[in-house]
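Student: The primary structure of each chain is shown beneath.
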Amino acid sequence: MRLWIYVVRRLALTIPVLLGVTLITFSLSHMMGDPLAPYITEKTTEEQAAALRIKHNLDEPLRVQYVTYLRNIMTFEWGFSKTINQPVSDAVREKFAATLELSILAFVVAVGTAIPLGIFSSVRHNRWEDHGIRLFALFGSAVPIFWLALVLKYVVSFQWDLLPLGDRYDPILWDVRDPIEIKTNFLLIDSLAAGSLPHFMDALKHMILPATVLAYGSMATTIRLMRGNMLDVLGQDYIRTAKSKGLSGTKVTMKHGASNAMIPTVTLLGMGFAGLINGSVLTETVFTWPGLGYWAILAMRNLDVSAILAYTLFSAVLYIFANLIVDILYAFLDPRVELGGHLSVGEIAVVSLSILMLLVSYFDVEAGVWFGTGALLFCTGFAVYFTFTWLWKNPGDMWLPALFIGTIFLVWSILSAFFMNIVYFSLLLYSIYVIRNWDDIKLEITPKLDEFRRAAYQVRRNPLTILGLWIVIFFLAVAALAPILAPPAEDQRDPKRMEEHFDYNFDLQPPCYFSCTGNSGEEDGYVLGSTNRGYDIYYGIVWGSRTSLDVAVKVVVTGTFIAAVIGVISGYYGGRADDVIMRITDVFIAIPGLVLALAIIAVTGERSIEYLMYALIIVWWPGFTRIIRAEALRIRKLPYVEAAKAAGASDFRIIFKHVLPNCMTSIIVIATMDMGGIVLSLAGLGFLGFGGAADLAEWGKLVAFGQEHLLAGEWWAFFFPGLAIALWALGFYLLGDGVRDILDPRQRS
Amino acid sequence: MLEIKGLKTHFETYDGVVKALDGVDLTVEDGEIFGLVGETGCGKSVTCYSVLKLLPGTAEVVKGSIRLNGEDITDASEERMRKIRGGEIGIIFQDPLSALNPVMTVNEQIGEILTLHQDDELQELAASRNIPTYRSEKWNLSPGFEFTIMAVCFAFLALFTMLGQFAFGLPFLIMIGFFFLRDYLQRDLPDSALDLMVLDALSKVKLPNPRQVASSYPHELSGGMQQRVMIAMALAGRARMLIADEPTTALDVTIQAQILQLIKDIQKETGMSILLITHDLGVVAETCEKVAVMYAGRIVEQGPADEIFTNPRHEYTKALLASIPKGGEERLEVPDIGERSAI
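In the order they appear, the protein sequences are chains B and G. Residue 59 in the working numbering is what sits at position 67 of the first sequence, and the numbering runs on without skipping anything. If you want the working numbering, it's the 1-based position in the second sequence plus 1100.
Please keep in mind that the hints were generated in silico from the structure rather than gathered at the bench. Beta carbons are placed, not taken as given, at the ideal position from N, Cα and C, and that holds for glycine. Among these hints, one or two may not hold up.
[Claimed, not checked] Below, a sample of chain G positions facing chain B; criterion: calculated Cβ distance under 10 Å:
#1 1175
#2 1179
#3 1182
#4 1190
#5 1191
#6 1197
#7 1209
#8 1213
#9 1234
#10 1265
#11 1319
#12 1321
#13 1366
#14 1367
#15 1368
[What the hints assert, rightly or not] Pairs of lysine-lysine residues, derived as BS3-like cross-links and limited to a Cα-Cα distance of at most 25 Å, are as follows:
#16 G/1108 - G/1183
#17 G/1304 - G/1183
#18 G/1108 - G/1153
#19 G/1183 - B/247
#20 G/1153 - G/1119
#21 G/1306 - G/1364
#22 G/1105 - G/1390
#23 G/1364 - G/1304
#24 G/1153 - B/247
#25 B/637 - B/649
#26 G/1153 - B/243
#27 B/243 - G/1105
[To be verified] Far from chain B, some chain G residues (derived; all Cβ distances over 12 Å):
#28 1169
#29 1205
#30 1278
#31 1410
Please model the complete structure; the sequences and the hints are all you need to start from.
Tutor: Have a look at this one:
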């Protein structure tokens, strides 16, 4: 296929995805409370409110409101933000420049340093340089971005007084002493345009810390990607060919190795961009950078609906286009890529229907409503018709709908807290099964044990994996021994709730480590210090490990189950169902995870940890599903699956005997890594003030407590909880990385 | 030409030291085709990688000597080895598709070896015909990276134009202009010396339409063509010795015959010596003058091909010959005669 057709096709496919995103934001807005709230003040009378209601079409049925909402998006009437008293479209334009300036700088720095480091690390594979760079990179992924920001802010800006504490510019210089013309709102460029060095230096000084923090996370991912791809490429046959030509080592690495390894790395930079959007929310909050992320957090804390929606939509659009560009880039970079991809009838129908829908609703809302309803009915009818005819023809595949219904039941059971019962019950059943068939299982286990011994040997060879293992074991032990390590006070009803003190003597006590005179939780007895309100940080960290473990296990187990079922089936069967599922995941992935979770929590208004968990599951499953689906798609084309098919195996058998076991490596690795990742997200949400009940022992919340008193020099309140988060994530990342090396049979030699 | 004495190569693995080569002796004379046969895993490939020092990190040559044209290269420096690889010993690998770099054109890949080992000839040719030496190498980046740069330039140009600061977009515009100007200036330059020599190398291996092959990527060629490109690459450095590591294994039977014929023809034309590694006795019988039979890291028998085929002395050779399927007979397994490398 020619390139421009490919580009047009990809562009067209973004339209249904964007429609899906608007559907999500619209439903969010209606769950979030009265959309009229920003327009109503204390002085608004009943009649005025009613008039406003009619003016903003809020008296119409929902479907009409949705189409009106679509039309408003297209005509840039994005509503009014009550937090900053400005129309949203103006605010976006103004704040986007600030975020973009920071992101571009961070991205350039990150990519520019990460790629050489990744190449160097792979060349020095398994030597100390490699271990060092790997640790540096893993730490970058593991360290909570807000904590790093706080530490840097405390040390560099507060203690050493080298750089400003926050904000984009020095208001005295820019607003009072020497105002220059601000044209682009890219301060570096504006100051250059005005030819003023002091302004430029000032803007740059303000940017250094936030950009460093933002760049580090992105750099870490890129290093790991580049290193992995390089190792893959350096093991290829053509590298040997290049060497046999008499090329020098550097030339082989750079010309034949790096240029091949760059291709997959470049394509994943799109994801890196999404990471920047997520990261900018946290970084901007810490450094009070007046960008989109900071504004979004303010909006979410105050339930400023139109601002939240605009931000969600805007970041989704940005993300979709970043990925689109990267995909097109990939087609250029790799001559092997066929720009094919099937242009199915369903796809054309969905795309043209969505375009028509947009066009119709742009010109006439009423007609748009009718058209939309008709199209929806048509599509649903079509889908139902196809499902039934297909099942009619293949009655042997009835297990498939059964499985889907089972998955839906599972999702329901998670939502209704019934899930853990199922887990316990199935564990019980499994142990009964093991006991009854012990003799057979023993025979099966023997070769596995040998495998395990091999794995143990590999682990012993890799010091970093051992480190990760110890960190994980340490945290598990802390969680298990929490009642002994930090005994709750006798009158405490729930040990996971921290004890609050209203006496000022308990506030912000410095840590006394091993020389405490009082008992833990008492005056002069805070091992790692206390926050304001007298929360014991040591107690919070110890019991917070239980919260983290609880959330991480539940989210990872349920998410993995959903993702494995949907991913494997979608990848194995492909076709129409696959298209539909992938478009749904597209919609979810398009909205950056942290933003979506925040929006969901903001909507439900419940600050309980359960809702946090649901939000994390909703955010987490689509990405995981896609990875497993890609894996299944690869496996189903392998000869042994063909062979099984030729031997007359049923789809059920192939999926569970061949495809799923071969996906297991990726599933285990990703699940292990995400045990860390989920805790990072949880902590991020907690830091932003969405971490369950106010006194729940949760690490991110403790860091937030510390942030409030950073400028009083009380470093312990943010430092220790953040360290716990970083170590936890680092442990699981190291373990996951090691597990990948062990489980991947190609690594064995 | 090539003389290997008592070569021992060991691998470090989880299960202990594997003695892949356990004292290999063989001599390849000038201008002969020497066959090295043996079953899979007996150390044939390790032998040739040991010669070229292309062993993986876990392997090590522990003992023995390798002499090339009388020069001891057992402990040759990396610099000397680079001169030898491609310049004095060419090598053809088993699976041509994976042995060719997927993102470089055939032209670039063959051109690389020419610039390394035939630079003087290139300069001479360029001077005598008054054409550029290596134009394509000098001015063109790989198309993907050019696109990336262009895309970034366009993005910044658009960004700054939208922001109303066109002056900052100017450098990017100049950059884009530079690319277009370069394309305009280079629109129909004559072939460079490098291009000519690549085409020459391709036509030597009897590839039809070499100009088209030169500009294509490996995956666009058929298996036989890929292997011809591999051979052209191995010959391009004017090596006096060619190692062919199972050159026909990945190909189907008709192509196999063509490739073998090509190798024989080339040997006749250039008089180079060839070390042909294979597990296919038919291939050996057809092409080789001398044969060495390898088993469990050792050479068990060595001699002229006819003699070994008609009058095998070692047990293993006999067993190997007996396992060749004959018309109507059942295929026999190669019996295990013990002495496998100690683990």
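Student: Does each hint hold? Answer for all of them.
Tutor: Cross-check of the supplied hints:
For residue 1175 of chain G, the interface hint is violated, since its Cβ never comes within 10 Å of a Cβ in chain B; the closest pair sits about 18 Å apart. A least Cβ separation of about 9 Å between residue 1179 of chain G and chain B falls short of the 10 Å threshold, and the interface hint therefore holds. The criterion of a C-beta within 10 Å of any C-beta in chain B is met by residue 1182 of chain G, whose closest approach is roughly 4 Å, and the hint holds. The restraint placing residue 1190 of chain G at the interface with chain B holds, with a minimum CB-CB distance near 8 Å, inside the 10 Å limit.
Of the supplied interface hints, the one on residue 1191 of chain G holds, with its beta-carbon coming within about 5 Å of a beta-carbon of chain B, less than 10 Å. Below 10 Å, beta-carbon pairs count as interface contacts, and residue 1197 of chain G has one with chain B at about 9 Å; its hint therefore holds. With its C-beta approaching chain B no nearer than about 8 Å, residue 1209 of chain G sits inside the 10 Å limit, and its interface hint holds. Because the beta carbon of residue 1213 of chain G sits about 5 Å from the nearest beta carbon in chain B, less than 10 Å, this interface hint is met.
Interface hint status for residue 1234 of chain G: violated, as the beta-carbon distance to the closest one in chain B is roughly 15 Å, over 10 Å. With its C-beta approaching chain B no nearer than about 6 Å, residue 1265 of chain G sits inside the 10 Å limit, and its interface hint holds. Hint on residue 1319 of chain G holds. Least Cβ distance to chain B is approximately 5 Å, under the 10 Å limit. Proximity of residue 1321 of chain G to chain B is violated relative to the hint, the smallest CB-CB distance being about 12 Å (cut-off 10 Å).
Annotation: interface hint on residue 1366 of chain G violated; nearest CB of chain B at approximately 18 Å, more than 10 Å. For residue 1367 of chain G, the interface hint is violated, since its Cβ never comes within 10 Å of a Cβ in chain B; the closest pair sits about 19 Å apart. Of the supplied interface hints, the one on residue 1368 of chain G is violated, with its beta-carbon coming no nearer than about 24 Å to a beta-carbon of chain B, more than 10 Å. For the proposed pair residue 1108 of chain G and residue 1183 of chain G, the alpha carbon gap of about 24 Å is at most 25 Å, so the pair holds.
Of the pairs offered as hints, the one joining residue 1304 of chain G and residue 1183 of chain G holds, with about 23 Å between alpha carbons and a cut-off of 25 Å not exceeded. In summary, the hint linking residue 1108 of chain G to residue 1153 of chain G is supported, as the alpha carbons are separated by about 13 Å, within the 25 Å threshold. About 19 Å separates the Cα atoms of residue 1183 of chain G and residue 247 of chain B, which keeps this hinted pair within 25 Å; it holds. For the suggested pair residue 1153 of chain G and residue 1119 of chain G, the alpha carbons sit about 17 Å apart, so the restraint of at most 25 Å is met.
Taking the CA atoms of residue 1306 of chain G and residue 1364 of chain G, the gap is near 13 Å; set against the 25 Å cutoff, the hint holds. Restraint check: the Cα-Cα separation between residue 1105 of chain G and residue 1390 of chain G comes to about 17 Å, which is no more than 25 Å; the hinted pair holds. In summary, the hint linking residue 1364 of chain G to residue 1304 of chain G is supported, as the alpha carbons are separated by about 13 Å, within the 25 Å threshold. Using a Cα cut-off of 25 Å, the hinted pair residue 1153 of chain G and residue 247 of chain B holds, with the two alpha carbons roughly 20 Å apart.
Restraint check for residue 637 of chain B and residue 649 of chain B: the C-alpha separation of about 12 Å stays at or below 25 Å, so the hint holds. Under the criterion of a C-alpha separation no larger than 25 Å, the hint pairing residue 1153 of chain G with residue 243 of chain B is consistent with the structure, at around 17 Å. Between residue 243 of chain B and residue 1105 of chain G the CA atoms are separated by roughly 32 Å; this puts the pair beyond 25 Å, and the hint is violated. Listed as outside the interface, residue 1169 of chain G is consistent with that label: its C-beta sits roughly 16 Å from the nearest C-beta of chain B, beyond the 12 Å cut-off.
A beta-carbon of chain B is positioned within 12 Å of the beta-carbon of residue 1205 of chain G; the least distance is around 8 Å. Even its closest Cβ contact with chain B, about 19 Å, leaves residue 1278 of chain G beyond 12 Å, as expected for a residue assigned away from the interface. Here residue 1410 of chain G stays apart from chain B, with its beta-carbon at least about 36 Å from theirs, past the 12 Å limit.
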